[in-house]
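**Q** Quick note, the sequences are listed as chains P and B, same order. All residue numbers for the first sequence refer to my numbering, where the first residue is 1 and numbers rise by one. All residue numbers for the second sequence refer to my numbering, where the first residue is 1 and numbers rise by one.
Read the hints as simulated data drawn from the structure, not as lab findings. Just so you know, these numbers come straight off a predicted model, no measurement behind them. Hints should not be assumed to be uniformly reliable.
As the list claims (entries may be wrong) - Straight-line alpha carbon distances no greater than 30 Å define the calculated BS3-like cross-link-like pairs of lysine-lysine that follow:
1) Lys141(P) <-> Lys220(B)
2) Lys141(P) <-> Lys247(B)
3) Lys247(B) <-> Lys278(B)
4) Lys247(B) <-> Lys220(B)
Take a look at the letters that make up each chain.
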Amino acid sequence: MRPIPGIAAAALLLIATLVPSSGAAARAQGPRNGRIAYSVGAILPDPDTQGHSQVFTVRPDGSGRRQLTHVTAPVQAGDPNFSPNGRRIAYVSNATGRFQVWVMTAGGAHQHRLVVDPRRNAFVPRWAPDGKHLVFTRCHKPFGFLECSIATVRADGSHLRVITRGHWVNFDARYAPDGRSIAYSSNRAGLVSAIWQARTDGSAAHRLTRPSPEAFWPDYSPSGRRILFTNNNDRPNSNMFTMRADGSHVRRLTAVKPPRQSGFGSYSPDGQRIVFDRTGLPGHEGLGVMNANGTHAHTIVQTGNLTIADWGAAR
Amino acid sequence: MNAKRRMCSIAVAVLTLGLLTVPASAGAATTRVADGLILLSDFQHAELYTVRPDGSHFRQLTHGAPQLPSFAPSWGPNGGHIVFVRNVNGHDRIYEMRADGTRLHKVGSDKPNYNDEAPAYFPAGRLIIFSRCHVPNESCVIATMRRDGSHLHQLTRERHDVTDFRPAASPDGRFVAFSRFFARGIVDQTWIMRRNGSHAHPAGAPRYQAYGPDWAPNGKRLLFSSNCCRLGGNVYTSDLAGSSVRKLTHTPWPYATLNGTYSPTGTRIVMGSNRRHKNRCCVDMFILPLRRGPARYVPLPINHIDQLDWAPRRG
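If we strip away everything but chain P, and leave its shape as in the complex, we get (with noise of 0.2 Å):
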């Protein structure tokens, strides 16, 4: 007997909506969480020149930690980043002079620069989730004084293109998942810092954050629905918060009491967790991990020093 066709699409609609295909399954499932990438020390847009710093990687569970770079004082190499399929890693080292952004793979190999830019230092680079370009913060300091723009490279170190203007502090750029936009800190507008959201050109940047919280470092949750960040740039006692992508919906993650910090967080693959620095916990300073509301703070690695994490999918 032929099937009815209205009643076999419906079937057909039904076991869809019920029994998803292995790759819909995959792709609500998202990456598996890898390992977390760490460097310890300040390697940010007015670097600490003074510190040594190297790129780490280590299990979720704290245990197997690898040194990938092994840089000779002073020279520095820090600001990881894994690649969306987890092969490579971005980093930045002052290897040849000024900081600059460097590739290698995930397991250290190959460690070679990326993009070649003289007259500017290069920091907190992150990779497009195409993995064909990397977005990175672009610093110097005329007479002494900060000043960043953000800029995009493609994944070969070709067509380096500032997306962001003005003479302000503006760094920490992280791609949306959907790969259209670019969320970022910056004191622009005369504030001490917030977090802008722009297309990955630069255009249309706009203001998510109010100025009281002094918003930094953002990060896009996998889904692309919220954006971790952290408060008080620049100020003892930080915490960390989420926000729906349009700034909206702020909720507080942690809420730890000076002298301790919790700041500077990334999300795992999965979007379930967040790695994240903790400071002024004695005993305990150095790499955290939490769930991603907050609980279950643990820390996983003590380094003594801040730490920039960065969690990689499993490959």
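Keeping the supplied structure of chain P fixed, place chain B upon it in accordance with the hints.
**A** Chain B in isolation, oriented as in the chain P frame:
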């Protein structure tokens, strides 16, 4: 978080007009008052000087540096006295002297852990308004005291990391304008309050990063410098609500024009600018006629001009 917060190098340039102890109309002010000596400090030698607006009769008033550096001078009513800051044993204290540099004496107390900054007279000349800075708390409040140092009265509340600086009393003595740094996530903004400290409110958009407010002799507009903590500052005026902003100078980045002060007649402005020096080494004195014509460079034996104040002609 770990980067150090930079505070602009700021000091007092407050216009006080003894002839305006009784509020007068703009027309009355411009007809009864004539422009007299300009009072200035320099950041290279840390001494105080007076000079006529044409650059003649340049005279050094203090001879204390380097052991006793002097800075942040402000004229008293009628140009008869000068109040300023002198650093003694590492502490900033308020001093007063006659306009010829004689009768030098300290005003106020030696309270430990406090620095007193940016003094200016109230129009009647009986009170000194200044910024009292609590060093351990990294905060400053606006306070008043009598000229003998008695009757200390705090007008703003001490808050960690918030700096209230460079107060200026309105010509009628009813209001005080001042610069507030790092409050509510805003780097710097002009605030206005009543003379008893009540009804404090911001006046102007944060993007100007306004500092060093100075009242027009008619009390209807405020002069301020922009870009407190960045390169490329210029001098503006606004109404008391912070609107109707008028840009008076157009010094291109990275140069700056700053520390503007009205002349007693309200027809000119004296200000400092580094625009003549490619390496930004030095700051010269300029006088800008408000009605027409460009700013005029005034050659002086010193070229590290810091604070400026303009007295009415005496006698």
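**Q** So, for every hint listed, does it hold in this structure?
**A** Structure-based check of each hint:
Only pairs whose Cα atoms come within 30 Å are accepted, and lysine 141(P) paired with lysine 220(B) is rejected, the gap being roughly 38 Å. For the hint linking lysine 141(P) to lysine 247(B), the alpha-carbon distance of about 26 Å falls within 30 Å, and the restraint holds. As the CA atoms of lysine 247(B) and lysine 278(B) are separated by approximately 23 Å, the hinted pair is consistent with the 30 Å bound. Straight-line distance between C-alpha atoms of lysine 247(B) and lysine 220(B) comes to about 16 Å, which keeps the hinted pair within the 30 Å bound.
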